[in-house]
Every structure is written in C-alpha cells, then in structure tokens.
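**Student:** Sequence:
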Amino acid sequence: MTNNTYVKLCDFLVNADEENITGGSAIYQVIEYEPWTSKFKLKSMIGRAVSFANNQIARGSSRYKTLQEVMQEVNKI
1 MTNNTYVKLC
11 DFLVNADEEN
21 ITGGSAIYQV
31 IEYEPWTSKF
41 KLKSMIGRAV
51 SFANNQIARG
61 SSRYKTLQEV
71 MQEVNKI
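Heads up: the sequence shown at position 49 corresponds to 49 in full-length UniProt numbering, and the numbers run straight through without jumps.
Hints were generated in silico from the structure; no laboratory data involved. Every residue, glycine too, gets a C-beta built ideally from N, C-alpha and C. Treat the hints with caution; some may be incorrect.
Unchecked claim - Simulated DEER-style distance windows between Cβ atoms:
{"id": "1", "residue 1": "Trp36", "residue 2": "Gly60", "range": "25 to 31 Å"}
{"id": "2", "residue 1": "Trp36", "residue 2": "Arg59", "range": "31 to 37 Å"}
{"id": "3", "residue 1": "Ser51", "residue 2": "Gly24", "range": "15 to 21 Å"}
Said to hold, decoys possible - Each computed EDC-like pair below joins lysine to aspartate or glutamate, with the alpha-carbon atoms no more than 20 Å apart:
{"id": "4", "residue 1": "Lys65", "residue 2": "Glu18"}
{"id": "5", "residue 1": "Lys43", "residue 2": "Glu32"}
{"id": "6", "residue 1": "Lys39", "residue 2": "Glu69"}
Construct the entire structure; sequences and hints are all you get.
**Tutor:** What follows is the structure in structure tokens.
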C-alpha cells in the first residue's frame, strides 16, 4: 500500500460529489493505482480512509451515512 494511493482515496471520499461515492468507486480508486492489491489490503485501506473521512465531516450528515454504506459494501467482498 502506498501512501500516495491512500491520500488519493481520502481526497476522493472527502471531496467527491456524494452521488459518486460508492463501495465500487472506492475500490476502483485503489486498484486504479495498485491493481495487484490483495483483498485484505484493499479492505484495510478503504476502512482507514473511511475513518479519516468520517473525522473530517459532521456525524449524522448525509456524507457520513454514505461513507457507512461504502464500508458495508466493501465488507461484502
């Protein structure tokens, strides 16, 4: 896992249009730069990025809820 990929993922989760944030789009953000990432590392990176993003936004906001949905989707893989 590179720091650059993690930073880009965090930036995406915090700044992208909310309707573009899904579990699939978060996964894509990682595999676009690191296509051979293991499932464990992928889930770990997304989990850390979602936690970081949640700390940047108001709890209970629609983006906060969207990020919780992202984690539910990613945990299904």
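**Student:** Confirm or reject each hint.
**Tutor:** Now for the hints, and whether the structure bears them out:
1. Hint check: Trp36 to Gly60, Cβ distance near 37 Å, so the stated range 25 to 31 Å is violated.
2. At roughly 35 Å, the beta carbons of Trp36 and Arg59 sit within the given window of 31 to 37 Å.
3. Separated by about 19 Å at the C-beta atoms, Ser51 and Gly24 satisfy the suggested range of 15 to 21 Å.
4. For the hint linking Lys65 to Glu18, the alpha-carbon distance of about 10 Å falls within 20 Å, and the restraint holds.
5. For the proposed pair Lys43 and Glu32, the alpha carbon gap of about 15 Å is at most 20 Å, so the pair holds.
6. Only pairs whose Cα atoms come within 20 Å are accepted, and Lys39 paired with Glu69 is accepted, the gap being roughly 18 Å.
Comparing the model with each numbered hint stated earlier shows that hint 1 is the single one that does not hold.
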